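Note that the protein sequences, when read in sequence, are chains A and B. For the first sequence, our numbering assigns the number 10 to the initial residue and increments by one for each residue that follows. For the second sequence, our numbering assigns the number 2 to the initial residue and increments by one for each residue that follows.
Warning: the hint list may mix true and false statements.
Restraint ranges, calculated between C-beta atoms of paired labels, are given here [claimed, not checked]: (1) A/Ser12 x B/Asn61: 28 to 36 Å; (2) A/Arg147 x B/Asp49: 41 to 49 Å; (3) B/Arg50 x A/Gln126: 50 to 58 Å; (4) A/Arg135 x B/Asn61: 43 to 51 Å; (5) A/Glu140 x B/Gly94: 57 to 65 Å; (6) A/Ser23 x B/Ser141: 19 to 27 Å.
Here are some chain B residues pointing at chain A (derived, C-beta under 7 Å) [what the hints assert, rightly or not]: (7) Arg15; (8) Gln32; (9) Leu147.
Computed list of chain B residues with no C-beta within reach of chain A, every gap over 10 Å [to be verified]: (10) Ser57; (11) Ser65; (12) Arg68; (13) Arg69; (14) Ser124; (15) Glu127.
Hints in this document: simulated from the structure, not taken from any laboratory. Here the structure is a predicted model, which means the values were calculated and not measured. All C-beta atoms, glycine included, are put in the ideal place defined by N, C-alpha and C.
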Amino acid sequence: MNSPMEDRLHDALSAAAATVAPETIRPLHAPARRRRWRVDVRFMAIAVTLAGVVAAVALWPAERQEQRLVLAAGVSLTALDDGVSDVSVYLCKPESPFPACKGAAPVDRNAVQRTLQAMPQVEEIRFESQEEAFAEFRRSRRDLAQVVVVDDMPESFRLRLRPGTDWDALVEAATEIEGVSMVIKQGCYALQSSSWFRRAVSFLSGADKELCRAP
Amino acid sequence: MAAIFAEHHLGLVRLALIMVGDQATAEDVVQEAFARTHAGRDRLRDPDRALTYVRSAVLNGCRSVLRRRATVFRRAVPYEPPVWSAESAALVGEDRKEVLVALRALPRRRREALTLRYYFDLSDQEVADAMGISGSTARSTIARGLAALARALGEHA
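Take the sequences, apply the hints, and build the full model.
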C-alpha cells in the first residue's frame, strides 16, 4: 500500500529517532506549583531551583560563605513542607547575609521563642536546629549538601497557626523581632520556584525590599 | 499536561531531534515547550486536545531554533547538526542519511508534515491540527512533499 518513497522515509525517520535512547534524555522539570499538584510539583520546583544553583555553587570559592549561607537558608526551605508548619521564622547567625541581621547582637533564641509564643496566632511552635536542618538538607539534596556545612544552616522556629487568625500580621510582627533573619510563609517561596534564588540574592544585595511577596 | 509530557517525552524529543538535528537542542525544545504549556495549562479548555497542543508547542520551539540558527549562520558556514554528520551516518545508514538530508532541504511545512505523518503515523487531520493548518492543506502538503522528496532522491513516488 505504501510507496517505496514512503517506506524509505518512514524507515529513515524511525532510524533517526532511534538515535535518541530513552535513558539518555534529561527528565523534564516542572516550572511552577499549583494547588492541585501540591506535593509533586513542589518537589519538582525545588529540584529546579536547586539544580540551577548547584553549578554556580560548585564554582564558588569556599570563602564565599555568604552565598553558602543563602543557599543553606534556601535549601532549608525544602523542609518547609513538614505537613505541620504554616510559617517558618529563621534566626540570624554570625555572618548572616540577611539585612535584618547586619550588626545585630547575638541571637537570644529563648527571647525570640517567648515573643513568638505570646502571639495570639501561634498554636504550636517547634525549634529546628542546625543539625536537623542539615539532616533534612542531606536527605533531600545529597549533591548540594557537599557544598554546605552544618554551621551554614540557619536555625528556625516552625510555627503552626490558628485558622481564622491574621497570619499576615503575624508574619509582619515576626519579621520585626530582633534576631530574626526572615520569615517565610508556607507556599510563598514555591510560587517563585525557579527565580527564588535570584530573588534571594537580589534581596540580600538590597535591590529587592521583599523576599517573599504575596501571591 | 504533565502526564502527557511524561508519557510522550521520548516521542517529542525524537520529533524535535528530526527537526533540529541534535539531541541536546531537541531536549531543550521539549523542556521549553513543557515549561510554557505548564504555565498556561489552565487555559487549555479541551483536555482531549492536549497532545495536539503539545506537539504544536514542540514544533513551534523547533521553528524558533531553526530561525535563530539561520540568522546566526547566515554568513558563516552552514551548520551541520550531529544527526546528519558523518559520525552518525554509521548509526543511521547511508541511504537513510540521504533521505534525511533531502527531507531537511524541503521547505519547513513539508518537512514538518512528512515527519508527523511518517514518523508518528498521524492522520491528515492530526497532522493538520499539530501544524495549525487545514486538513486539505495537510493532505496536499504531504503529497507534494513526498513528490519533492522522491524527485530529490531520483525515485518515483
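- Query: Can you list which hints this structure breaks, lowest number first?
  - Reply: Every hint satisfied by this model.
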